[in-house]
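J.: Each protein sequence line maps, in turn, to chains A and B. The first sequence maps to residues 1 to 195 in our numbering. The second sequence maps to residues 1 to 195 in our numbering.
A couple of the hints might just be wrong.
[What the hints assert, rightly or not] Below are the DMTMM-like pairs computed for lysine to aspartate or glutamate, each with C-alpha atoms no more than 20 Å apart in a straight line:
id : chain 1 : residue 1 : chain 2 : residue 2
1  : B       : Lys-187   : A       : Glu-94
2  : A       : Lys-3     : B       : Glu-139
3  : A       : Lys-2     : B       : Glu-151
4  : B       : Lys-2     : A       : Glu-149
5  : A       : Lys-2     : B       : Glu-149
6  : A       : Lys-26    : A       : Glu-61
7  : A       : Lys-2     : B       : Asp-143
8  : A       : Lys-148   : A       : Asp-181
9  : A       : Lys-178   : B       : Asp-161
10 : A       : Lys-178   : A       : Glu-158
11 : A       : Lys-3     : B       : Glu-158
12 : B       : Lys-148   : B       : Glu-177
13 : A       : Lys-178   : B       : Glu-177
14 : B       : Lys-3     : A       : Glu-112
What the hints contain is simulated information worked out from the structure, not anything from laboratory work.
Protein chains: 2
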Amino acid sequence: MKKRLGPAERLYPMPCALVVGGTLEKPAGLAVAWINVVSSTPPTIAMGLRESRNTLAAIRETNSFTVNIPSAARVDEFDFFGLSNGAKTDKFAESGLSVARGAMVEAPIVVECPFNIECRVIQEVPIGSYRLVLGEIVETHADVSILKEPEGDLVNMELLDPLVYIAGMREYRRLGEKVADAYTAGKRFVSPDAQ
Amino acid sequence: MKKRLGPAERLYPMPCALVVGGTLEKPAGLAVAWINVVSSTPPTIAMGLRESRNTLAAIRETNSFTVNIPSAARVDEFDFFGLSNGAKTDKFAESGLSVARGAMVEAPIVVECPFNIECRVIQEVPIGSYRLVLGEIVETHADVSILKEPEGDLVNMELLDPLVYIAGMREYRRLGEKVADAYTAGKRFVSPDAQ
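With the rest of the complex left out, here is chain A (with noise of 0.2 Å):
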């Protein structure tokens, strides 16, 4: 039996992104769980952020943002960038958290973040409060140490332990284990007509 809850913003689960705009000199950043991948043509990323957020701002500066996932590790720095406010807090030096120049956009990247993403603004459409920003995907970073294979690009999901957000219990999680291959658990529905 299904119970109607009304109009709430979930879905389940969330990333966990350390967002940053400005400038390696004076960087912004932001704990989003609202963001993903939404085209490949070009490889694109959108985000809502609060109009009234300072990162906003600071994106607004260069153009350009930083996605930054944290391992869970690093969880209490995470959720810091997310609870204060950077117009009263250098969030930065409070949490021992380091940016470093990436390689396309004027943003800087998270040093302490094992995977990065830099990308430029392509456009803004306001939703209520909010804006949804979105980012033309224009290079990726790893660490080396969470690389499969040091001369791949794939990334090990172990060695990099990304956070995820649970909405409405307010909780992070790690990764559990793997359940299935995309692209081929399916396979046993499929009939032999359709092939």
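Chain A is fixed; fit chain B onto it per the hints.
T.: Quick look at chain B alone, frame taken from chain A:
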């Protein structure tokens, strides 16, 4: 040491949602990982769909869609909705999944998915050969059996047991254990002055 991996459409992790358009009599569904909440004013979902998708045409017919979260036990069915072609296959008949009328929109919900979101399309944004579809969340439903408390609106993650998609590796995973509480773990970095 960081390594540049190029402008790839990777973000870790992504959700696994069965998106359904069309009608109760003629539903069209698709496995979607490029989806998330992006606003709460009003509650809004954004997702990236290839322009050529049957499901996008079905969504346009009724200007509505539903987002249905399968449990890990339905991974084969979910994967089948991703690898098969709705123009050639009746995905619901082949996989055994079924639809029911929702409460607010014409697009039906998936009975076997324990969490369901009804959305009304508010905007489409073209990004190359993809369309970013924005939908206002007008209702959510959960199986009573997955609620933390029967009278509440919180979903028990162990009972929902949602899938997580890992891009690049092309694998489905479960959620792992809780790491920390959000809006709490980061308080240790808050200096007394800032409070």
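J.: Are there hints from earlier that the structure breaks, and if so, what are their numbers?
T.: none
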